[in-house]
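Kindly produce the complete structure, drawing on both the sequences and the hints.
Note that the protein sequences, when read in sequence, are chains A and B.
Note that my numbering gives residue 104 to position 104 of the first sequence, counting from 1, and the numbers run on in steps of one.
Note that my numbering gives residue 1057 to position 57 of the second sequence, counting from 1, and the numbers run on in steps of one.
Among these hints, one or two may not hold up.
[Stated by the list, open to error] Output of the computed footprint for chain A on chain B, the stretches with three or more beta carbons under 8 Å from beta carbons of chain A: (1) 1020-1028; (2) 1059-1070; (3) 1097-1110; (4) 1126-1135.
No lab work stands behind these hints, which were simulated from the structure alone.
All C-beta atoms in this analysis are idealised placements derived from N, C-alpha and C, irrespective of residue type, glycine included.
Each chain is listed here by its residues.
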Amino acid sequence: MTEQRKRIPVQHLVGFVLSIALTLLAAWAALGSGLPTLWIIIAILTLAVIQAGIQLFMFMHMVEFKSQNGHVPWNMMLHGFVLAAILVAGSLFTMSFGFSHDHDEEDHNQHEQQEQQEQHGGH
Amino acid sequence: MSSHELQSGPMEYRTEHGQSSILGFWIFLGAEIVLFSTLFATYAVLFGRTADSPAPAELFELETVLIMTFLLLTSSFTCGIAVHEMRHGSVKGLATWLIITLILGLGFLGFEIYEFFHYAHEGATLQASAFWSSFFTLAGTHGLHVTVGIGWAILLLIQLAQRGLTTVTSRKFFIISLYWHFLDVVWIFIFTSVYLIGMVV
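Okay, here's the thing in structure tokens:
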């Protein structure tokens, strides 16, 4: 595929330069761009996924002709990624979504809950 | 696939044993993704629950974190070159680039230990609050993986000196390179979702 005696493979060099550039871009987006917080979070997480892709495909021989694509068990890797996404998003959804540290608005609700708990306390 | 050795292609893939070892290691990495995702989920849920301890934005320093990120990114790159040298049959090239990788990895660890000491000094310890517990568990688990990787690579370098490049040793070096790149993947997400978001929010 490539010349035999290249000291540093082009693919690795491109991947390395790209990861450094994406890291700096993410740092700038987070601290220097002045975008709204939600946009920053979406942007830098997207950059992180791209950078993870660079590691997996350009460094980890996931698509390599001469080793038959590195014998990567794609179905299992996909299960790993999907499980990871469900765990993180699901935990945030169930534990944090709609939750507020500000208890003033929920004062009324909390009193009701406390009363209910007190009623059930005797059981 | 027969059990006899192939005569061409990368050495680590020539035996059936080598191929299934690499396949097995990918399955292990799939499990590692899930392991780290539970730690990320815990961290995300406990984000902001700092109680009386300092907030992350007060302690995180962009400079230190960027240096750590560059050290690890560069080590991943040099590790890739080490495998490239191994594929050309160069024992010396493999050993040289792997030692450079290890030095960069040790530099990363040094910064991380300094960072943890600094935070503990400022009152952010493992016991300080739910947030800092989840932070130290997540970053600490990654740091532990780096430490194990360094020890593992040193043992492999000793084996390389004793036995040279065979189908067995090249398979072992290939697998540790996968492990090392994977640590970089995890760190990218720690850098982004812990440090950058911690400094922004």
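Okay, the hints, checked on the actual structure:
1. With a cut-off of 8 Å between beta carbons, the stretch 1020-1028 of chain B has 4 residues touching chain A; three or more are needed, and the interface restraint holds.
2. Evaluation of the coverage hint for the stretch 1059-1070 of chain B: fulfilled, as 4 residues show C-beta separations to chain A shorter than 8 Å, against a requirement of three.
3. For a cut-off of 8 Å, the count of residues in the stretch 1097-1110 of chain B with a CB near a CB of chain A stands at 0, and the three-residue condition is violated.
4. With 0 residues carrying a beta carbon less than 8 Å from a beta carbon of chain A, the stretch 1126-1135 of chain B misses the three-residue requirement, and the given coverage is violated.
Going through the hint list in order, the structure does not satisfy hints 3, 4.
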